[in-house]
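Engineer: The residues making up each chain are set out below.
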Amino acid sequence: MLLLSVILWAVSCQEPLPPVVEEPVPEKPEEGFVEAVPDTVTFTNADFIYYGDIAGESSSDDWVVKLYTDMEIDDLGNPIGPGTVTQLQLNAEFDENQKADPSKLEGLYREMTNSGNFAPGTFVSGYMVRLDLPGQTIEMADGTFYADLPDGSADMDYDLIDEGAVSIKSNHDGTFTIEGVLVGKKYTKRYFKWTGDIDPRNYVPEETPNSTLKQDMTGLTFDQGQLQDKGDYFYRMDETYRCLLIYLGDESVDMSGSRPSGDGAVLRLEVLVPWETDITKDGIPSGTYKMTDRNLDTSIDKDNIVPGVAVPGLPNVFAAWKVAGSWYYELDNGEWTQTYARIDEGEIVIDNHGDGSYTISYDLLDCQDVPKKIQGRTTLSELPVPGKPGQGNQDMVLDANTYAVDKEKSSFGSVEVSNLGEYICIAASPVEGVDGFDAIFDQDEYFYVAISPLLNGKEFDLMAEKDLYTVMSTLDGAFLESVAPGMTQEIKAGKCCFKYENEKAEVEISLTLADGRTLAAKMEAEEAGIVVNENIFAIAGDEKPVRTAFYLKEDGLTTLYLTPAGIQYFEDIPITTYYAYIVLDDTQCNGRALDVSDIVAVGYGDNFNEKYVDSREVTASGSLKVLSDPNNVAHYQVSADVTFGGTTLKLRYDGNAIDAGTKEVVKNEVVYNGKSYGITGVSLDLQPNPEGTCGVLIATDRGDVIRINLPLNFLDGNAHGFSQSHDLCIEYDGQVYSKANGYSGTVTVGKDENTIKIEATNYDNLKIIYEGPYETVS
Amino acid sequence: MRDLMKLSVKYIIIAIFALVALQACEKPSVPQIPDTPQQEQPVVEPPICTYEYDGKEYPVYSVSFTADETQIFVKISPFKKDQLQTTYAVIGINASLEGMEIDVDKAWHNDDYYFIYEDPIMYYSQYRHLQSGKIMVKSLGEGNFQVRADVILPDGKTFRFEY
Chain A
1125 MLLLSVILWA
1135 VSCQEPLPPV
1145 VEEPVPEKPE
1155 EGFVEAVPDT
1165 VTFTNADFIY
1175 YGDIAGESSS
1185 DDWVVKLYTD
1195 MEIDDLGNPI
1205 GPGTVTQLQL
1215 NAEFDENQKA
1225 DPSKLEGLYR
1235 EMTNSGNFAP
1245 GTFVSGYMVR
1255 LDLPGQTIEM
1265 ADGTFYADLP
1275 DGSADMDYDL
1285 IDEGAVSIKS
1295 NHDGTFTIEG
1305 VLVGKKYTKR
1315 YFKWTGDIDP
1325 RNYVPEETPN
1335 STLKQDMTGL
1345 TFDQGQLQDK
1355 GDYFYRMDET
1365 YRCLLIYLGD
1375 ESVDMSGSRP
1385 SGDGAVLRLE
1395 VLVPWETDIT
1405 KDGIPSGTYK
1415 MTDRNLDTSI
1425 DKDNIVPGVA
1435 VPGLPNVFAA
1445 WKVAGSWYYE
1455 LDNGEWTQTY
1465 ARIDEGEIVI
1475 DNHGDGSYTI
1485 SYDLLDCQDV
1495 PKKIQGRTTL
1505 SELPVPGKPG
1515 QGNQDMVLDA
1525 NTYAVDKEKS
1535 SFGSVEVSNL
1545 GEYICIAASP
1555 VEGVDGFDAI
1565 FDQDEYFYVA
1575 ISPLLNGKEF
1585 DLMAEKDLYT
1595 VMSTLDGAFL
1605 ESVAPGMTQE
1615 IKAGKCCFKY
1625 ENEKAEVEIS
1635 LTLADGRTLA
1645 AKMEAEEAGI
1655 VVNENIFAIA
1665 GDEKPVRTAF
1675 YLKEDGLTTL
1685 YLTPAGIQYF
1695 EDIPITTYYA
1705 YIVLDDTQCN
1715 GRALDVSDIV
1725 AVGYGDNFNE
1735 KYVDSREVTA
1745 SGSLKVLSDP
1755 NNVAHYQVSA
1765 DVTFGGTTLK
1775 LRYDGNAIDA
1785 GTKEVVKNEV
1795 VYNGKSYGIT
1805 GVSLDLQPNP
1815 EGTCGVLIAT
1825 DRGDVIRINL
1835 PLNFLDGNAH
1845 GFSQSHDLCI
1855 EYDGQVYSKA
1865 NGYSGTVTVG
1875 KDENTIKIEA
1885 TNYDNLKIIY
1895 EGPYETVS
Chain B
105 MRDLMKLSVK
115 YIIIAIFALV
125 ALQACEKPSV
135 PQIPDTPQQE
145 QPVVEPPICT
155 YEYDGKEYPV
165 YSVSFTADET
175 QIFVKISPFK
185 KDQLQTTYAV
195 IGINASLEGM
205 EIDVDKAWHN
215 DDYYFIYEDP
225 IMYYSQYRHL
235 QSGKIMVKSL
245 GEGNFQVRAD
255 VILPDGKTFR
265 FEY
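Protein chains in written order, with the numbering used here: chain A, 1125 to 1902; chain B, 105 to 267.
So that you can see chain A by itself, here it is in the shape it has in the complex (with noise of 0.2 Å):
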């Protein structure tokens, strides 16, 4: 140090000045200077909590380290004062088996450079969490913290972490050190130790198997069964199949509802019989069911799904509302124990009596790698099915707009249909005269279903549909919050069929509640200008919406692109989660059947998973259509279903594509304080400088001019937020934003030799759009 001052620091011959006096008047210095003495804390305890790779970075695994002085311990199991906490969650190396090794947590641990950044000896700031409890909302400390607790007290004083550094050391005989010194937002040094064995508990997630049977399970017989009708349950949408699910269950499972509950096994099957099969008339067909192939990916080659075969369960879905295919699995209290397989191979033999009575044998596998056996034989003599006509509320006759609570009818006085966004929603009042779909809402008494479009004409099991589906009822006797899938708890069952044509909407529900009542309704009402979006984009069977399509037309070919992703502009494809796209010949879009050798390629692009598959370079089979309208340029019919290597794509269009050279239409702005300003001038600061960075000057017709300061290497067009560099702030109207001055922002300037882009935002009160010529200054 002497070295360095010596040489580093100039020396100042100035005479001293006298002292400053102002009021109040300090103490007076001592002769000479006693520094003060610092206390370092030795906690006594300490627990040591392993969460892994969290970042899903594999780059450092995230451990947190609790350490505290000898405290009491009140019955709520909180500590009482005097005493101190500390947290430290750290960013420790990365260790690939993801196994708690006190070993990885040797090292030394200073601040994150920002809030993105986890890498291997850091640790994470402090900050509150509120967790809202009923009747109560709780803050408290995560992340790195300090904590005091007076005397008599569980109160904790917390100090939030933000700089400092932690040592932790192994002492070679077992146990280890950690020592450091912290400062927090109270600008106190915290200075602690600890020594003691590390003693891990590993929070990391265990890999859910989907099988857990420990022997083959033979001789199976179950007393009771379910048939459900799933219809077109892979959207084929050719009339070719129909999905049936079959339940079969103990006695002592509780059959009444559409999915089964209360004690025991169940076997799950689902097969695919004709399309014209009518369960309430024909049952199942006889014959034998052999599972198809299911694809690693999960999803089923097309040519799989054909009556006559059985579903395999679906993989490492296991919510009840989700599960798919065919399972064994046993209940406790209608939750599923630790006992359960996913079906993955085998056969069903349905004897359909004709009577009504079954007699079906299964010899299946499930999917462990040394598969388990779950064979046996059923003989029922019915196999009901639920809502079929004399079971239930399905007994309720309905005529058009009426409704009934536990079979007690009333009339709907007023029924409006109406579009929310691209869902399509009927709303319903007992009080006649309401005029308008929002104003249904304003009474009392209202009943609403709204419904994604993928659900027009479908009949859907409320319990088990994916699509989005949205009930909500203040009738009297039948409150229901909000029903959508994954939020079943307010009902039992529930089937519904809402169909809009031709300028109608027909809607037909019926629900048992959780407390066992029943609603069922029925509504029709007449509303033109309901968009129904029918177009389809589906990945492995995921189905969406297409709500976005842009087409290009160069040399001679046609490219199209489809998208579930609302956009405008065809630059933002990156941005999208999914897309996929054709490329053909302008004389092939004729609506003509092609073969995908036909044409030059049809890809997609999974933007969130960063897979991208293309006809060129993967083994791609299949047919599609396009059909453009020549007298809409814009207007374009699509059908495709191509398979690249076991993955699908499925794709229906029929709508206007926005021509994908539609460049936006930027306006050069600065909006500071919600108003906007416009920009007369941009130049860039190249000078030479220490730092490395440069200086974008955006001079506004406020008169005045805004600074962006950045690292150089950030001229690249990509955006970079505060917390990427000290170096980066936007100084404007005498402040300067930053990430030291507490401000969150991103900056994202790009240029050529003519033109600079820039977009950069405080996300508070100032935001600038720029696109345009500028001046260097160097």
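Keep in mind the hints are simulated off the structure, nothing from the lab.
You may find that some hints are simply not true.
Here are the simulated PhoX-like pairs of lysine-lysine, each with C-alpha atoms no more than 25 Å apart in a straight line [to be verified]:
1) B:242 - A:1309
2) A:1228 - A:1338
3) B:160 - A:1309
4) B:261 - A:1891
If you want the footprint, here are the derived chain B segments under chain A, 3+ residues with CB under 8 Å [stated by the list, open to error]:
5) 159-173
6) 182-191
7) 207-217
8) 221-234
These numbers were taken from a predicted model, which means no experiment stands behind them.
Cβ atoms here follow ideal geometry from the backbone N, Cα and C, with glycine treated the same way.
Since the structure of chain A is provided, determine the placement of chain B on it from the hints.
Structural biologist: Just chain B now, with coordinates in the frame of chain A:
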């Protein structure tokens, strides 16, 4: 603790290099961790001047300046230059504001002005925002400067220094 000390000194060295190189936006040192608590120093000669922190006046036994075309820094410490300066303050300004009184409320933190204070108990790094106050650094020529700082620190404590 000894290893931390080594690292701490390393970072202090880096920080000083950074200051000398006038890289004002580089993060300064990890807070210093004294190897052993500092005891009363055997300093008997009169101080160069004093500074006030949190209402108490302390002696200044070393004052160092560094400056270039863009920035001017002053470091003061109650320790002499040949001692480990575990208590110190750094005051800096943009050279273009030399001789001007800078109102930290209106000026740009870490650009128009800089401030660090550290002792064994407290640490206000470069990234902590001063609440208010004024700073002035004026060149008197031949490497001499006049310095005045009267600021309220982020936690409301006062810091005053005039030289």
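Engineer: For each hint, tell me whether it holds in the structure or not.
Structural biologist: Outcome of the hint check:
Using a Cα cut-off of 25 Å, the hinted pair residue 242 of chain B and residue 1309 of chain A is violated, with the two alpha carbons roughly 32 Å apart. Proposed proximity of residue 1228 of chain A and residue 1338 of chain A is contradicted: the alpha carbons are some 35 Å apart, above 25 Å. Taking the CA atoms of residue 160 of chain B and residue 1309 of chain A, the gap is near 22 Å; set against the 25 Å cutoff, the hint holds. Simply put, residue 261 of chain B and residue 1891 of chain A have alpha-carbon atoms about 35 Å apart, too far for the 25 Å limit, and the pair is violated.
Here's how the segment 159-173 of chain B fares: 13 of its residues keep a CB closer than 8 Å to some CB of chain A, so the rule of at least three is met and the hint holds. Requiring three or more residues with a Cβ within less than 8 Å of a Cβ of chain A, the coverage given for the segment 182-191 of chain B holds, as 9 such residues are present. A stretch counts as covered by a chain when three or more of its residues have a beta carbon under 8 Å from one of that chain; for the segment 207-217 of chain B and chain A the count is 6, and the coverage holds. Residue count for the segment 221-234 of chain B with a Cβ under 8 Å from a Cβ of chain A: 11. That meets the three needed, and the coverage hint holds.
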